[in-house]
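Engineer: Sequence:
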Amino acid sequence: MAQSLFTEQELARLRRLRLAGERVRSLALRGERRSRQLGSGLEFGAYRPYSQGDDLRRVDWNVYGRLDQLFLKLFEAPGQLRLLLALDAAPTMDFGVRNKWLAAKRVLAALGLVAQATADRVLLARYEDAAVQSFDASGSEQAFLEAVAAMTVSREELPSAAVRSALAARGRDTVLLAATDMQSKAGTLALLSEARRFGARAVVISLHADEELQPQLEGLTRLSPLAGNPLKLRIDARVLEAYRKEVEDYRRACQAAIRAAGAGCIEVSSTVDVEPVVVELLRSGLLEGAR
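The sequence shown begins at 496 in the numbering used here and counts up one residue at a time.
Possibly wrong hints are sitting among the right ones.
[To be verified] Listed next, the in silico SDA-like pairs over lysine to any residue satisfying Cα-Cα at most 25 Å (straight line): (1) K740 / Q750; (2) K740 / D705; (3) K680 / G714; (4) K568 / E706; (5) K740 / R593; (6) K680 / A626.
[Said to hold, decoys possible] Here are the in silico distance ranges between beta carbons for each label pair: (7) Q750 / R717: 38 to 44 Å; (8) Q750 / P720: 22 to 28 Å; (9) S499 / G634: 16 to 22 Å; (10) E713 / V554: 58 to 64 Å; (11) A656 / G634: 20 to 26 Å; (12) R739 / W556: 51 to 57 Å; (13) D731 / G759: 37 to 43 Å; (14) L735 / S499: 16 to 22 Å; (15) A681 / T647: 16 to 22 Å; (16) A656 / L514: 35 to 41 Å; (17) L653 / G548: 17 to 23 Å.
By construction, these hints were calculated from the structure, which means they are not laboratory data.
Even glycine gets a Cβ: it sits at the ideal position worked out from N, Cα and C.
When you get a sec, could you build the whole thing from the sequences and use the hints?
Structural biologist: Structure below.
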């Protein structure tokens, strides 16, 4: 499944970026920011699905009773950097010749892969997921990539209790990266509000398909909305100009709302090469975790 996200050449380049991140992390570990000591300083961090061979003493049996699935409780020490990768799984994400949903998964998978060298834990969830998946720095690359690849488009949804809890538990040690097309702002803005409330840093990766910005339509055209009946519209230069203006106004309003929520924003096309996005965030220092 990992192969469906990246070619071997792309994986090789991302691994080289991860090596650079490991050098950054080795320098950070010499300071006092991180703590690996076991003891009373450990706090609950997140859940991850049980795998054969895991310690049954770490299973949360209350969760098992509710969901009929085995999940381990994970603990971590204050000061450990966590990266929370959150995907907006709204139906509008499943659009584009170069599909936005696939692009979102590629971008977050690349960031998570590299961040496993600079963060102590990478958390993964769609906005509505009932449990947040967790991967530590020594975890399997293949398992992480397969978890991202397996995610599917679902529905428009506000952040689940599990996603909100991931921010509440260790907000100041958490970096939130949310991938969305912002066509339904409510879920993303609610997530940013929670991040701000608990002191987490946040960046929105706002995706668009090129044909959304510059539709190649002309004449009598049949349009099929996600909700409601198909409709026919005569497309001419005047209609296209009005559409482009409305889209540009909406994009600016989204950017302003994201900034007002105290978050950063990176706009990318679904045709994006993931490597420059990773490099930009590495250079920003966001993935180093130092406050």
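Engineer: Please go over all the hints and tell whether each is borne out by the structure.
Structural biologist: Structure-based check of all given hints:
1. For the hint linking K740 to Q750, the alpha-carbon distance of about 15 Å falls within 25 Å, and the restraint holds.
2. Restraint check for K740 and D705: satisfied, since their Cα atoms lie roughly 15 Å apart, inside the 25 Å limit.
3. This hinted pair does not check out: K680 and G714 have alpha carbons roughly 31 Å apart, beyond 25 Å.
4. For the given pair, K568 sits about 44 Å from E706 by alpha-carbon distance, which is inconsistent with the 25 Å threshold.
5. Between K740 and R593 the alpha-carbon distance is near 23 Å, which keeps this suggested pair within the 25 Å criterion.
6. Distance restraint check for K680 and A626: the Cα-Cα separation of roughly 22 Å lies within the 25 Å cut-off, and the hinted pair is therefore satisfied.
7. Here the CB-CB span from Q750 to R717 is close to 32 Å, at odds with the stated 38 to 44 Å.
8. In this structure the supplied range 22 to 28 Å holds for Q750 paired with P720, their Cβ-Cβ distance being about 25 Å.
9. Our hint of 16 to 22 Å for S499 and G634 holds, since their Cβ atoms are close to 20 Å apart.
10. Distance hint check for E713 and V554: the Cβ-Cβ separation is about 60 Å, which falls inside the suggested range of 58 to 64 Å.
11. A656 and G634 have their C-beta atoms about 24 Å apart, which keeps the hinted 20 to 26 Å range intact.
12. Checking the proposed 51 to 57 Å range against R739 and W556 shows it holds: the Cβ atoms sit about 56 Å from each other.
13. At roughly 38 Å, the beta carbons of D731 and G759 sit within the given window of 37 to 43 Å.
14. At about 35 Å, the CB distance of L735 to S499 disagrees with the hint of 16 to 22 Å.
15. For A681 and T647, the hinted distance range of 16 to 22 Å is satisfied, since their beta carbons lie about 21 Å from each other.
16. Here the CB-CB span from A656 to L514 is close to 37 Å, well matched to the stated 35 to 41 Å.
17. Separated by about 36 Å at the C-beta atoms, L653 and G548 break the suggested range of 17 to 23 Å.
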